[in-house]
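**Student:** Assemble the whole structure, with the sequences as input and the hints as a guide.
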Amino acid sequence: MRSAPVYLPDFSHIYIEEGAEKYPLTQDILQRFPDAVHVSIPDYKTAFNRSGQDFIQQKKSMKLILAVKKPPFIYESTDILQDAGFENFVYATPLLNCLYNCQYCFLQGMYPSANLVAFVNEDNFFNEVRNAISHRENRDQPLVLSISYNTDLLAFENIIPFCKHWIEFAANQPDVLIEIRTKSALFNALKNIDPNRNVLLSWTLSPKVVVDKYEWDTPPLAKRLKAVRQALAKGWNVRLCFDPIMIVPEWQKVYSHFLDDVFSALPADQIYDTVVGVFRMNKDFFQRARKREPRVDIYYKDYELKDGVLSIAKDKRAEVKTVISDKLGQYLEKKKVNIWNS
Amino acid sequence: MNHILITTALQAEAQPLIEHYQLEKKLCSANIFYFQRGVITCLTTGVGGKNVRKRLGAFLKETVSRNTILINMGIAGGNRDATEIGKMYSINKITDEKNGKVWLPDKLLKTGLPEMPLSSVSKGVTDGGNQYAGLVDMEGAAIFETAVQFIPVHCLVFLKIVSDHMDVILDSPEQVVSLINKRLPEIDGLISLMQNSGLVRTPLLNDQHEHLLNGLKKSLKLTATQTYQLKDKAEGFIAVQNDDIAFLSQYLKVEIKTKQERTKIFHEICTSLSA
Numbered sequence: 000m001r002s003a004p005v006y007l008p009d010f011s012h013i014y015i016e017e018g019a020e021k022y023p024l025t026q027d028i029l030q031r032f033p034d035a036v037h038v039s040i041p042d043y044k045t046a047f048n049r050s051g052q053d054f055i056q057q058k059k060s061m062k063l064i065l066a067v068k069k070p071p072f073i074y075e076s077t078d079i080l081q082d083a084g085f086e087n088f089v090y091a092t093p094l095l096n097c098l099y100n101c102q103y104c105f106l107q108g109m110y111p112s113a114n115l116v117a118f119v120n121e122d123n124f125f126n127e128v129r130n131a132i133s134h135r136e137n138r139d140q141p142l143v144l145s146i147s148y149n150t151d152l153l154a155f156e157n158i159i160p161f162c163k164h165w166i167e168f169a170a171n172q173p174d175v176l177i178e179i180r181t182k183s184a185l186f187n188a189l190k191n192i193d194p195n196r197n198v199l200l201s202w203t204l205s206p207k208v209v210v211d212k213y214e215w216d217t218p219p220l221a222k223r224l225k226a227v228r229q230a231l232a233k234g235w236n237v238r239l240c241f242d243p244i245m246i247v248p249e250w251q252k253v254y255s256h257f258l259d260d261v262f263s264a265l266p267a268d269q270i271y272d273t274v275v276g277v278f279r280m281n282k283d284f285f286q287r288a289r290k291r292e293p294r295v296d297i298y299y300k301d302y303e304l305k306d307g308v309l310s311i312a313k314d315k316r317a318e319v320k321t322v323i324s325d326k327l328g329q330y331l332e333k334k335k336v337n338i339w340n341s
Numbered sequence: 000m001n002h003i004l005i006t007t008a009l010q011a012e013a014q015p016l017i018e019h020y021q022l023e024k025k026l027c028s029a030n031i032f033y034f035q036r037g038v039i040t041c042l043t044t045g046v047g048g049k050n051v052r053k054r055l056g057a058f059l060k061e062t063v064s065r066n067t068i069l070i071n072m073g074i075a076g077g078n079r080d081a082t083e084i085g086k087m088y089s090i091n092k093i094t095d096e097k098n099g100k101v102w103l104p105d106k107l108l109k110t111g112l113p114e115m116p117l118s119s120v121s122k123g124v125t126d127g128g129n130q131y132a133g134l135v136d137m138e139g140a141a142i143f144e145t146a147v148q149f150i151p152v153h154c155l156v157f158l159k160i161v162s163d164h165m166d167v168i169l170d171s172p173e174q175v176v177s178l179i180n181k182r183l184p185e186i187d188g189l190i191s192l193m194q195n196s197g198l199v200r201t202p203l204l205n206d207q208h209e210h211l212l213n214g215l216k217k218s219l220k221l222t223a224t225q226t227y228q229l230k231d232k233a234e235g236f237i238a239v240q241n242d243d244i245a246f247l248s249q250y251l252k253v254e255i256k257t258k259q260e261r262t263k264i265f266h267e268i269c270t271s272l273s274a
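Heads up: the protein sequence lines correspond to chains A and B, in order.
Under numbering that gives the first Met the number 0, the first residue of the first sequence is numbered 0, with each subsequent residue one higher.
Under numbering that gives the first Met the number 0, the first residue of the second sequence is numbered 0, with each subsequent residue one higher.
FYI, nobody ran anything at the bench for these hints, they're computed from the structure.
As the structure is a computational prediction, the values presented were derived from the model and not from experiment.
Ideal Cβ positions, reconstructed from N, Cα and C, are used throughout, including at glycine.
Every clue listed holds true.
Keeping only pairs whose Cα atoms sit at most 20 angstroms apart, straight-line, the calculated PhoX-like set for lysine-lysine is:
(1) 282(A) - 232(B)
(2) 300(A) - 230(B)
(3) 100(B) - 44(A)
(4) 216(B) - 258(B)
Chain A is faced by these chain B residues, among others (derived, beta-carbon under 10 angstroms):
(5) 99
(6) 107
(7) 231
**Tutor:** Structure below.
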């Protein structure tokens, strides 16, 4: 699934939006890629939103686009995101697109390009989050901010230390909880950072059969579990995400064994909480994703359409809820299990 | 093997390629001459954006195929400090000087060529062109703008050989032919790379599948919705079962007299594709 030898390595080219070059983060990134070809562009959309791009081909040699984000810097939560019971739920997009290539992910059909856009004006994001903290609706709860919604930010940490910067920012903010969701095994990139309670490191874990079949280019389960153990040992709040639960053959058995394996490898009592979800995708993204990669079986299942989102049938969702909740109940208190209910 | 379409502005730029690949002169129905042998085609567009839009647009409309990779090849003026006369460069950015539009070819394959930005101008530059950081030509932007309507971005390749440092206009065909000839081994290697690369993917439904589905649509008198559903099911069958749909040809001879018969057969087909 990764680049064949005739393809240029990822980030062989860095496209730099006019105005982005003056930011320290830009200079830092350019130093990390001394051999990259620099191409100046008037606006990141000149590269990112071009017509006629081939997502699948671009995935074989991804490029980096450095840009200056314009408002808005944070967005209200969507129905697809899991708020885990928090009310002041928002998300930010310091990075668009992902190093990984998970076939069930909405990113397969969301953007016209497989290249990654990194926004280098971090201070603008931070200022806007401070503002949102002050103006959050429910004062009894923190502002919950997902920063790894349109990407896997920790997977990118050795390229751009976004997580480090956000964690340092969060450490000095009252009333914020930043969720960094990942499939990465790169916990080492954070090993020198003190854990703080305003940050939630969330690992998405899946059975081997699902990783192999759908989570292309991601680290294997064993490596993710190792990263989770390291994070727990350092004292981080860790959420486990079983999302999406994929309806593979004998999925009940597969997930039952898998959850046994997970909790034999991890101390259940140290887990902050868990979230559980099923496959779901915006209908337009689904259609575009299928057109791009029609060889994946996900695109040929029967789904229900509700409010523009395709998902597995209601009775199947209920079954997933029952089976997985019961299983998680063997290891965790009920309040630590959040099920996506839309 | 992918189909390579080489476009040049001048006949002198095309001549070495025509001879090297022994291309034969042909005429398309848009009344445009081109040269072809096997999976290599060469089209001379003429100089300037206006010629390109007219000739290339008409040619692609008639001839483009799913696996066409377009290589625009030709001479260009180069910045004295950044480029070397006779050297070939791969273009990573094209700016249309007329309107400021920027076009970005995808850079996916390892070509080993140095890269440069290209500015497309409407008049030849002979004053040294210090304002241009890379290369200058008169067609690149128009070729991109026209071709991208027919060919995906990653299948558009721009190669330029520096003929001058924007201090003279090179108008001798012999000089142009000589510049191209000297780069033929490199060009040959690149064409081979493009032909055999995975840049163009095989579609899930091949021509035989499409033909069969069209036949079923006609013989079973399927509605537009049923036709769409049949294609959907067929794609799913091939993707999930990794199997062929040739067994559906048995339904080509079925005679449909009523809507009920059509519905029955259609459901039978759908069931077999869901199995």
